[in-house]
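Put chain B on the given structure of chain A with help from the hints.
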Amino acid sequence: MTAKSFEELYREWEEKTRQLLDQYPEEKDRFETLSGIEVERLYTPVTGSDDTAEKIGLPGEFPYTRGIRPTMYRSRHWTMRQYAGFGSAAETNKRFRYLLDQGQTGLSVAFDLPTQIGYDSDDSMASGEVGKVGVAIDSLEDMEILLQGIPLDRVSTSMTINAPASILLAMYIAVGEKQGVPADRLTGTIQNDILKEYIARGTYIFPPKPSMRLITDIFAYCAEKVPKWNTISISGYHIREAGSTAVQEVAFTLADGIAYVNAALEAGLEVDRFAPRLSFFFNAHNHFFEEVAKFRAARRLWAHLMKERFGAKSPRSMKLRFHTQTGGSTLTAQQPDNNVVRVTLQALSAVLGGTQSLHTNARDEALALPTEDSARVALRTQQILAYESGVTHTVDPLGGSYFVERLTDEIEKRAREYIERIDEMGGAVAAVEEGYMQREIHQTALETQKKIESGEEVVVGVNRFRLEKEQQPQLYQVDPTLTRRQLERLKALRQRRNGERVEQALASLKRGAEGDANLMPLILEAVRSYATVGEICHSLRDVFGEYQPI
Amino acid sequence: MNRPIRVLVAKPGLDGHDRGALIIAQALRDEGMEVIYTGLRQSPPQIVATAIQEDVDVIGLSCLSGAHNDLFPEVTRLLKEQGAEDILVVGGGVIPQSDIPFLEKNGVARIFTSGTTTKETADFIRSAVKEREGRP
Chain A
1 MTAKSFEELY REWEEKTRQL LDQYPEEKDR FETLSGIEVE RLYTPVTGSD
51 DTAEKIGLPG EFPYTRGIRP TMYRSRHWTM RQYAGFGSAA ETNKRFRYLL
101 DQGQTGLSVA FDLPTQIGYD SDDSMASGEV GKVGVAIDSL EDMEILLQGI
151 PLDRVSTSMT INAPASILLA MYIAVGEKQG VPADRLTGTI QNDILKEYIA
201 RGTYIFPPKP SMRLITDIFA YCAEKVPKWN TISISGYHIR EAGSTAVQEV
251 AFTLADGIAY VNAALEAGLE VDRFAPRLSF FFNAHNHFFE EVAKFRAARR
301 LWAHLMKERF GAKSPRSMKL RFHTQTGGST LTAQQPDNNV VRVTLQALSA
351 VLGGTQSLHT NARDEALALP TEDSARVALR TQQILAYESG VTHTVDPLGG
401 SYFVERLTDE IEKRAREYIE RIDEMGGAVA AVEEGYMQRE IHQTALETQK
451 KIESGEEVVV GVNRFRLEKE QQPQLYQVDP TLTRRQLERL KALRQRRNGE
501 RVEQALASLK RGAEGDANLM PLILEAVRSY ATVGEICHSL RDVFGEYQPI
Chain B
1 MNRPIRVLVA KPGLDGHDRG ALIIAQALRD EGMEVIYTGL RQSPPQIVAT
51 AIQEDVDVIG LSCLSGAHND LFPEVTRLLK EQGAEDILVV GGGVIPQSDI
101 PFLEKNGVAR IFTSGTTTKE TADFIRSAVK EREGRP
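Protein chains in written order, with this note's numbering: chain A, 1 to 550; chain B, 1 to 136.
In short, the hints are calculated from the structure, not lab data. Quick reminder that beta carbons are idealized off the backbone N, C-alpha and C, glycines included. There may be inaccurate statements among the hints.
As the list claims (entries may be wrong) - A partial selection of chain B residues facing chain A, derived with a Cβ cut-off under 7 Å:
#1 Leu14
#2 Gly16
#3 Arg19
#4 Ser65
#5 Asn106
#6 Ala109
Claimed, not checked - Chain A residues, not near chain B, derived (Cβ > 10 Å throughout):
#7 Lys132
#8 Pro182
#9 Gly426
Isolated chain A (complex conformation):
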């Protein structure tokens, strides 16, 4: 059949279908994705573009629409990396070992808020927050306990840490030294993405300028000393959780990425020296095909940006490697078992989108931290996708789908338009300072809330298909004696350590911060002296000041 005759058939079909609409009315006049992209009744070669094959290319080849490796999951599954952390270092260590025993292939550390914002557990600002959303880490001693018995030369570790990223990375390096694993063999990731903290997540400490310096110091230090470490995980996840659309998630994340590349170039680094260690982190949300297309569009767009805008020569600089987490804000407190199904669909979209690693949320996370049981079901969900579903057998199974390719094109186009707007404002740092992304996200969040309250957007178990009487599952509870025990250990540490060495390390760190030395070696020395996260951050606050949101 030639294309032309198919086109004739298609036109006839279209006409015939239109006449049938009286008999089979459609539920809405306009179907659309969560980003507001119109979804047509049917996609065919007639409605698609002619150059799809060339535009999407081949897996492992520029522009990487179809994936960053030629064999993808046929050679190796994604890394199953469940974000975990709560209470004390010892309790979290136990959960880590449990997850590794259950077949998890990488670690992901959740820190409590005081650690993430640079306060010690005994700081008045930490009141009520110690060990709540993650593990409390005050000093190298806690980190030693956290990683006890975990071979750092074989397990890769991702750490969700941003403003104090240098400090936690330094602690990881120091624990490696004690285990006899040199820094150049450590593998893992620090989130280290401060821009999205200002935009959406809120664990900032310092103003943008010194924050960007801390980040480029890490790029430079790791390029030399910790070459296998992912120095940043440029995150759209929290932008999406704060309410953005899929298009905004791609656009703002890549705009942040551009800002980091620019900052590193300004600091005198060479693009192909640091860009291969940049990594990304996206959300897997509800609109299944839009999510698949989103991952593919992000990959293609970044490849073009790195090659054309920044003149990267190494293919490794052009490959967008990413972690995915299923969308926490899509989980419902009502009928929590339904969340297992949501998570499965979202995880599938990430796999079909070619993710490098994946966290699947547990069913009870709209209510509390996951129990051991619900954490296991979440991991099993990934294992079922990997080992039973067969979706791993071919690379980019949805590549060439008329619909998915059209959506991929559309998301890329709309994200590019946003990036151009941000460029005109002077880039992501300026746009953040002006509150632009924050406002855009808030606007979308409001619209979503209105759609949910009007019933236009259905949330099963919440605004449709409710139960009269909800059953409350058994929830995880953080040990109430934790704070007291943590404070006691911190007090003992402060008495035991060599106070003079700590003072000296903090004083040289301050001098370094006042000048333009790379701060990583100074932070490493402070960490080795058992200076605490709070003490190190306060020293830097003295020099850098604190960020004041608009």
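What follows is chain B alone, placed relative to chain A:
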């Protein structure tokens, strides 16, 4: 009532999740209330001081970090200490059902959990404020 209900939407503690707080602030404004939003990382003394200074009728506390059992009762305790317990305190966030009786016993008038509509929240505030003003 001759003036609109004044509400302080506050984020106690270190939690950075402000999607809900921002939405509820806007929704209550759309319902005709005057809303002040504190921004992130407010300590209970800061929240109480702002509430008194701004002469609000209601404080809405939002916390998704699990620190609600420490922070919410601290706000109500300080209000009482400063003779401002006539200010209605409501809360929301990731709060397990099992914590709600404790919070209510400690002076939080209502906890709105995930899935509550903004309309329900506004209606509750309106009737509770009315009830308080009706007292001798």
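- Message: Under 7 Å is the threshold here; is the Cβ of arginine 19 (chain B) close enough to any Cβ of chain A for the hint to stand?
- Response: Cβ of arginine 19 (chain B) sits 5 Å from chain A, so the hint holds.
- With 10 Å as the threshold, tell me whether lysine 132 (chain A) passes as away from chain B on beta-carbon distances. 4 Å, violated
- Given glycine 16 (chain B) was flagged as interface, is its beta-carbon under 7 Å from a beta-carbon of chain A? Interface hint status for glycine 16 (chain B): holds (2 Å vs cutoff 7 Å).
- Query: Looking at proline 182 (chain A) again, its CB stays over 10 Å from all of chain B?
  - Reply: Nearest chain B Cβ is 35 Å from proline 182 (chain A), so the label holds.
- Query: Against chain A, with CB atoms and a cut of 7 Å, does the hint on alanine 109 (chain B) hold up?
  - Reply: 20 Å, violated
- Query: Closest CB-CB distance from glycine 426 (chain A) to chain B, is it above 10 Å?
  - Reply: 24 Å, holds
- Query: Against chain A, with CB atoms and a cut of 7 Å, does the hint on serine 65 (chain B) hold up?
  - Reply: Hint holds; serine 65 (chain B) Cβ to chain A Cβ min 5 Å, cut 7 Å.
- Holds or violated: asparagine 106 (chain B) as interface residue toward chain A, Cβ cutoff 7 Å? Since chain A brings no Cβ nearer than about 13 Å to asparagine 106 (chain B), farther than 7 Å, the hint is violated.
- Task: Using Cβ atoms only, decide whether leucine 14 (chain B) comes closer than 7 Å to chain A, and label the hint accordingly.
- Result: With a closest approach of 4 Å, the leucine 14 (chain B) hint holds.
Taken one by one, the earlier hints fail for this structure at numbers 5, 6 and 7, listed in ascending order.
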